[in-house]
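Enquirer: Listed here are the chains, written in short residue letters.
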Amino acid sequence: AQSVTQLGSHVSVSEGALVLLRCNYSSSVPPYLFWYVQYPNQGLQLLLKYTSAATLVKGINGFEAEFKKSETSFHLTKPSAHMSDAAEYFCAVSGGSNYKLTFGKGTLLTVNP
Amino acid sequence: KAGVTQTPRYLIKTRGQQVTLSCSPISGHRSVSWYQQTPGQGLQFLFEYFSETQRNKGNFPGRFSGRQFSNSRSEMNVSTLELGDSALYLCASTSRERGGHETQYFGPGTRLLVL
Numbered sequence: 001a002q003s004v005t006q007l008g009s010h011v012s013v014s015e016g017a018l019v020l021l022r023c024n025y026s027s028s029v030p031p032y033l034f035w036y037v038q039y040p041n042q043g044l045q046l047l048l049k050y051t052s053a054a055t056l057v058k059g060i061n062g063f064e065a066e067f068k069k070s071e072t073s074f075h076l077t078k079p080s081a082h083m084s085d086a087a088e089y090f091c092a093v094s095g096g097s098n099y100k101l102t103f104g105k106g107t108l109l110t111v112n113p
Numbered sequence: 001k002a003g004v005t006q007t008p009r010y011l012i013k014t015r016g017q018q019v020t021l022s023c024s025p026i027s028g029h030r031s032v033s034w035y036q037q038t039p040g041q042g043l044q045f046l047f048e049y050f051s052e053t054q055r056n057k058g059n060f061p062g063r064f065s066g067r068q069f070s071n072s073r074s075e076m077n078v079s080t081l082e083l084g085d086s087a088l089y090l091c092a093s094t095s096r097e098r099g100g101h102e103t104q105y106f107g108p109g110t111r112l113l114v115l
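So the protein lines, in turn, are chains F and Z.
Per the working numbering, residue 1 is the first one in the first sequence, and the count goes up by one each step.
Per the working numbering, residue 1 is the first one in the second sequence, and the count goes up by one each step.
Bound-form chain Z, shown alone:
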């Protein structure tokens, strides 16, 4: 099976702009999670979608939003970009496995630089 794909891989924006990042999960996986990784804060959970519904949300401002489509692909949007939004944004595709536990498999990430 193909892994998690994220596009674009690199992005440069200026303050005040908005950005949309895309994630295609592993075939058959219905849950997608997003994480932000920065040197200062480490890996932080943004939100998780399952069957087009947001099931869980982290502690980020409303400028960060997401959605999931019927084919399980997901997008996240950041509006009114700030310098502090510069980060690696990771998407994870979740496999529900025997025993009921879930395992997350990560994509390569989108590196966003805000100038």
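Isolated chain F, as found in the complex:
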């Protein structure tokens, strides 16, 4: 069984500040981990993914995430927030022969001017 916990349903930062969105996972098999972003009235856009190649993963729009097996975490960061980053972010896990994605509840990111 797999599960994802996203700490903080709502994160608010100032423009130019560090963005940190937290994700912890549980998986009985080596996991594949993903971050998706959803803008209002749109589908999910893939930001980045961890597939065991490298623990520090760089994605689009300046985001990156680090896989820490000992902490079962995959936190998403961006050094400097931009107004256009305001959206909802979802962490997801898959693995083994189970092809489905299990999502966290999402974190709504607000960027203040």
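Any given hint could be a false lead.
[As the list claims (entries may be wrong)] In silico BS3-like pairs for lysine-lysine, Cα to Cα no more than 30 Å straight-line:
{"no.": "1", "chain 1": "F", "residue 1": "Lys58", "chain 2": "F", "residue 2": "Lys69"}
{"no.": "2", "chain 1": "F", "residue 1": "Lys69", "chain 2": "Z", "residue 2": "Lys57"}
{"no.": "3", "chain 1": "F", "residue 1": "Lys105", "chain 2": "Z", "residue 2": "Lys13"}
[What the hints assert, rightly or not] If you want the footprint, here are the derived chain F segments under chain Z, 3+ residues with CB under 8 Å:
{"no.": "4", "segment": "71 to 79"}
{"no.": "5", "segment": "101 to 111"}
[Claimed, not checked] What follows is a list of derived Cβ distance ranges for each label pair:
{"no.": "6", "chain 1": "F", "residue 1": "Leu56", "chain 2": "Z", "residue 2": "Glu52", "range": "35 to 43 Å"}
{"no.": "7", "chain 1": "F", "residue 1": "Asn61", "chain 2": "Z", "residue 2": "Gly28", "range": "24 to 32 Å"}
{"no.": "8", "chain 1": "Z", "residue 1": "Pro61", "chain 2": "F", "residue 2": "Ala1", "range": "16 to 24 Å"}
{"no.": "9", "chain 1": "F", "residue 1": "Ile60", "chain 2": "Z", "residue 2": "Thr80", "range": "40 to 48 Å"}
{"no.": "10", "chain 1": "Z", "residue 1": "Gly3", "chain 2": "F", "residue 2": "Met83", "range": "32 to 40 Å"}
{"no.": "11", "chain 1": "F", "residue 1": "Ser26", "chain 2": "Z", "residue 2": "Gly40", "range": "20 to 28 Å"}
{"no.": "12", "chain 1": "F", "residue 1": "Pro79", "chain 2": "Z", "residue 2": "Glu52", "range": "43 to 51 Å"}
{"no.": "13", "chain 1": "F", "residue 1": "Met83", "chain 2": "Z", "residue 2": "Gly40", "range": "27 to 35 Å"}
{"no.": "14", "chain 1": "Z", "residue 1": "Arg73", "chain 2": "F", "residue 2": "Ile60", "range": "21 to 29 Å"}
{"no.": "15", "chain 1": "F", "residue 1": "Ser12", "chain 2": "Z", "residue 2": "Thr53", "range": "40 to 48 Å"}
{"no.": "16", "chain 1": "Z", "residue 1": "Arg30", "chain 2": "F", "residue 2": "His10", "range": "37 to 45 Å"}
If you're looking for bench data, these hints aren't it; they were derived computationally from the structure.
From the three backbone atoms N, C-alpha and C, an ideal C-beta is built for every residue, glycine too.
Go by the hints and put chain Z onto chain F.
Expert: Frame of chain F, contents of chain Z only:
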């Protein structure tokens, strides 16, 4: 390559009716997954099809069904609609990548409102 397309984008139905949603995956992708997104339950997996066969199924009642055609296009059907079926239904097209892992790419969704 064109992305995942879903039709229709918006739909209004009444309780008891049935609805069919359509999804066309990215060219060359043979797997399609469906998810339901609601404010209360979040994103939940419905089912996944690969080469016209249901390979995986979530925990939804039998009113929710799907199929996949030989061209990989997929449809999902919900019969006897209930108010709680109001949701955004997302289709994902799966790419099998080097190393054997799979990545899902999502369409814009179909927003269903049941009155």
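Enquirer: Please flag the earlier hints that this structure goes against, numbers listed from lowest up.
Expert: 4 and 10
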